[in-house]
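Let the hints inform the model, and build the full structure from the sequences given.
Each chain, letter by letter, is given below.
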Amino acid sequence: MAFDPSRRNVMKAGGATLGAAAFARAIAPITEWTADLSVDEFIQRHYKEMSREDMNKVLRRIEAKTLEEYGATVHVEDVRPTPGVQFAYALNLSVCIGCRNCSKACHEENNHDRPTNNSYIRVLEMDNGSMSLENGTVNYDGPVPKPGKFYMPVQCHQCDNAPCVKVCPVEATWKESDGIVVVDYDWCIGCRYCEAACPYHARRFNWTKPEIPAEEINPDQAYLSNRVRPQGVMEKCTFCLHRTRKGRLPACLEACPTGARVFGDLADPDSEIRWVLENKRVFVLKEDVGTLPRFFYFFDE
Amino acid sequence: MSSTPQSDAHEGEGTAGVSETVLSYPQFIWKALGVATDGGPLFYVWMTVLTAVWLVGINAFVHQVVNGQGVTAMTDHVSWGMYIGNFTFAVGLAAGAVMMVIPAYLYKDKEMHDVVIVGEILAIASVAVAISFVTVDIGRPDRVWHMIPFIGRFNWPISMLTWDVIVLNGYLLLNLHVVGYLLHQRFLGRKPNPKFYIPIVLLSILWAVSIHSVTAFLYSGLGGRPFWNTAILAPRFIVSAFVSGPAFIVLALQIIRRFSDFHVGDGAIRTLLNILRVTTILNLFLVGSELFTELYTGGSHTASAQYLYFGLHGKNALVPWIWTALSFNTIAAGVFIFARPGKHMWLIDIACVLTLFGLWVEKGLGLIVPGFVPSTLHEIVEYLPNALEWKVSLGVWAMGLIVFTLGLKIAVAVFRGDMHVSEEAH
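Sequence lines, in order, name chains H and A.
Residue 139 in this note's numbering is what sits at position 139 of the first sequence, and the numbering runs on without skipping anything.
Residue 192 in this note's numbering is what sits at position 192 of the second sequence, and the numbering runs on without skipping anything.
Just so you know, these hints were derived from the structure itself, not from any lab.
Quick caveat: nothing in here was measured; it's all calculated off a predicted structure.
A portion of the hints provided could be inaccurate.
[Said to hold, decoys possible] Using C-beta positions, here's what the derived DEER-type ranges look like:
id, chain 1, residue 1, chain 2, residue 2, range
1, A, 346, H, 39, 55 to 65 Å
2, H, 14, A, 313, 50 to 60 Å
3, A, 314, H, 36, 35 to 45 Å
4, A, 44, H, 54, 50 to 60 Å
[To be verified] No farther apart than 27 Å at their CA atoms in a straight line, the calculated lysine-lysine pairs in the BS3-like style are these:
id, chain 1, residue 1, chain 2, residue 2
5, A, 315, H, 149
6, H, 48, H, 246
7, H, 246, H, 175
8, H, 146, H, 286
9, H, 286, H, 149
10, H, 209, A, 391
11, H, 175, H, 12
12, A, 315, H, 286
13, H, 48, H, 166
[To be verified] Far from chain A by the CB rule (all over 12 Å, computed), these chain H residues:
id, residue
14, 100
15, 108
16, 246
17, 280
Backbone N, C-alpha and C define an ideal beta-carbon position, used for all residues, glycine too.
What follows is the structure, encoded as structure tokens:
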């Protein structure tokens with residue numbers, strides 16, 4: 001097995017050296033990326049496996065990183081669900097005018113990437129006389145509402161039988177006790193299987209690192225909701241859990257000028273959401289796919 | 001360490017032969033390395049080209065990791081594309097290799113048995129390609145460890161993707177064992193002991209079906225994507241795998257025959273052609289059944305098929321691709337039926353290339369992209385891979401061909417007796 005200094009072997013060694021050098025050059029840009037990635041981030045455990053103490057360290061690290069990378073001072077919390085609460089959302093199609101204020105409010109509240117104008121809400125303009133999504137479009141312009149049209153905002157339905165949760169290979173997304181489906185942005189591997197599985201186009205992928213000017217960053221953030229997401233992971237609507245779990249209303253609801261949106265606790269018999277579900281003609285989107293949404297649509301009489 | 005008589009060792013791995021066997025591993029690997037880096041000018045040109053393409057692919061992949069997958073043509077509407085398409089096709093190729101294993105081991109086809117190692121090496125290379133395509137598709141390759149059972153959180157048995165991880169890695173290990181064992185035994189000048197590899201070979205036959213069924217279930221289990229949500233998907237995958245695998249091997253066997261003095265009998269190629277005669281037709285039949293159901297029924301659930309074959313609302317990026325694929329597969333089916341191996345081998349070669357391309361389109365872009373067009377909210381956003389995705393994909397295939405070439409080179413050297421254990425190792 002001793003090295004034989006024949007011409008051929010010398011050539012081979014030369015070839016190998018050249019190949020190794022070319023390889024090193026090909027992967028050189030990776031250093032730019034690894035410089036951003038700390039050991040603590042790399043070995044961070046799953047959300048459910050972190051103690052309060054671990055979590056506090058992570059939250060402080062995220063705050064420091066947001067300051068360093070975006071120049072914004074933010075406060076990141078880990079807001080937990082309140083036992084017994086069951087969140088649900090309903091939307092009145094008779095009064096929605098398609099102004100897309102909800103979509104814009106979501107964009108700002110949830111620290112979405114500015115250049116892509118991302119939002120968790122897509123508003124469809126539909127023809128009167130048809131409930132088929134085939135006849136809808138999200139690309140409409142001009143003054144609204146237009147005659148002969150109605151408008152249907154679509155966002156995450158927080159399904160009780162959520163296909164996105166089932167397909168995740170690493171349990172990076174799950175349903176919380178109050179019914180909200182969340183993503184651990186620090187655990188997601190970015191395979192986008194959930195995005196393929198969702199029947200409502202509710203999930204978004206961070207195709208690049210989000211760009212947001214410091215002064216536009218919403219500093220009131222939570223680990224599982226609107227903190228600035230890392231590149232290469234999934235994100236979705238969380239019913240603004242950083243607000244709703246503290247007794248406030250979702251940003252999209254507050255932005256709605258017509259009162260089309262109703263949000264509340266299903267477990268509370270006196271809640272408005274309960275009244276809507278019990279008294280209005282309510283339906284869910286794509287009931288046939290068996291997802292059991294927590295997002296309902298209804299019409300006035 | 002007892003001293004075992006030589007004659008015992010020749011019977012296979014006796015208990016006492018184990019230490020000797022293990023001691024020969026470094027020599028085996030060292031000599032394999034020598035064989036793998038030694039060849040004629042054509043070999044060096046081939047390997048240099050593959051290495052160059054591979055490096056270009058790695059470089060493109062690194063750019064993608066650094067800058068995010070926004071550098072690809074994928075969007076939130078079409079969130080899987082070229083990579084997952086290639087992944088699907090590569091899994092098929094791996095499963096298709098079993099079409100050599102079945103005749104060789106179940107039907108005791110002597111000539112096929114002599115060359116079956118080619119199929120097993122193809123299985124290894126294709127699984128490596130498939131796993132690489134999933135790796136280049138994920139947004140956070142630094143977090144793959146989250147998938148390792150017990151260390152990360154492996155969502156088994158609920159997520160079909162975890163099943164795919166298990167079956168693909170399992171298939172890789174099974175084939176690595178068989179190839180490694182057979183070559184190493186021959187290297188030692190021993191007759192392989194059937195009890196150390198035949199059960200594994202039989203298991204790998206069932207396993208081959210599982211890798212492609214599970215890959216089909218990955219898509220067909222999604223109720224929100226009507227184009228994929230069809231029970232015929234797994235059978236279609238299996239049948240098309242039994243086209244692409246044999247077609248690739250027919251070409252590979254002829255190349256081996258031309259460029260090495262490894263004996264490849266006509267019988268092996270004839271058997272593969274007999275398989276292709278049936279599977280190409282069966283594949284066209286399944287495509288036809290799918291098309292009938294989609295087009296005759298109509299309605300919004302069939303919009304994806306409309307888009308793929310005829311275009312939808314003026315958007316028709318995939319139409320030329322799928323019709324080219326369909327015609328190639330039809331021509332190939334005709335050639336396999338009418339051409340005679342002895343006389344029209346060149347025609348058969350062309351047919352193999354045509355059907356490989358046809359299936360690559362059918363199971364690649366033609367399967368993945370229409371699943372997303374129109375989107376679940378019926379928006380029509382089109383997708384075709386961009387230059388970076390081509391670079392990464394070609395790089396992965398180049399890596400696969402490197403594995404395949406080197407595997408074959410070592411196998412041929414061992415089988416021809418050019419690579420064997422040195423006397424002093426005994």
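| request: Given the hint of 50 to 60 Å, check if residue 44 of chain A and residue 54 of chain H actually sit that far apart at their C-beta atoms. | output: holds (54 Å)
| Does residue 246 of chain H lie within 27 Å of residue 48 of chain H when you go C-alpha to C-alpha? | Distance ~21 Å between residue 48 of chain H and residue 246 of chain H Cα, so the pair holds.
| message | Run the distance test for residue 315 of chain A versus residue 286 of chain H: straight-line Cα separation, threshold 27 Å. | response | It holds: about 25 Å lies between the C-alpha atoms, which stays within 27 Å.
| task | Look at the Cβ atoms of residue 346 of chain A and residue 39 of chain H and judge whether their distance stays inside 55 to 65 Å. | result | Holds - the Cβ-Cβ distance for residue 346 of chain A and residue 39 of chain H, about 59 Å, lies within 55 to 65 Å.
| request: Would you mind confirming whether the straight-line C-alpha gap from residue 246 of chain H to residue 175 of chain H stays at or under 27 Å? | output: Holds, at roughly 18 Å.
| task | Decide, holds or violated, for the assertion that all CB atoms of chain A are farther than 12 Å from the CB of residue 108 of chain H. | result | holds (19 Å)
| task | Compare the distance between the alpha carbons of residue 286 of chain H and residue 149 of chain H with 27 Å, and conclude whether the hinted pair is satisfied. | result | This hinted pair holds, its Cα atoms lying about 20 Å apart.
| message | Minimum C-beta separation from residue 280 of chain H to chain A exceeding 12 Å: can you confirm that? | response | holds (23 Å)
| Per the stated criterion, does the least C-beta distance between residue 100 of chain H and chain A lie above 12 Å, as a non-interface residue requires? | For residue 100 of chain H, whose nearest Cβ neighbour in chain A is about 15 Å away, the distance exceeds 12 Å, so it holds.
| message | Can you confirm whether the C-alpha distance between residue 209 of chain H and residue 391 of chain A stays at or below 27 Å? | response | Within the cut-off at roughly 23 Å; holds.
| Between residue 48 of chain H and residue 166 of chain H, does the CA-CA distance stay at or below 27 Å? | holds (17 Å)
| field | Pairwise hint evaluation, residue 286 of chain H against residue 146 of chain H, where the allowed Cα distance is 27 Å at most | value | holds (25 Å)
Of the numbered hints listed earlier, the single one contradicted by the structure is hint 11.
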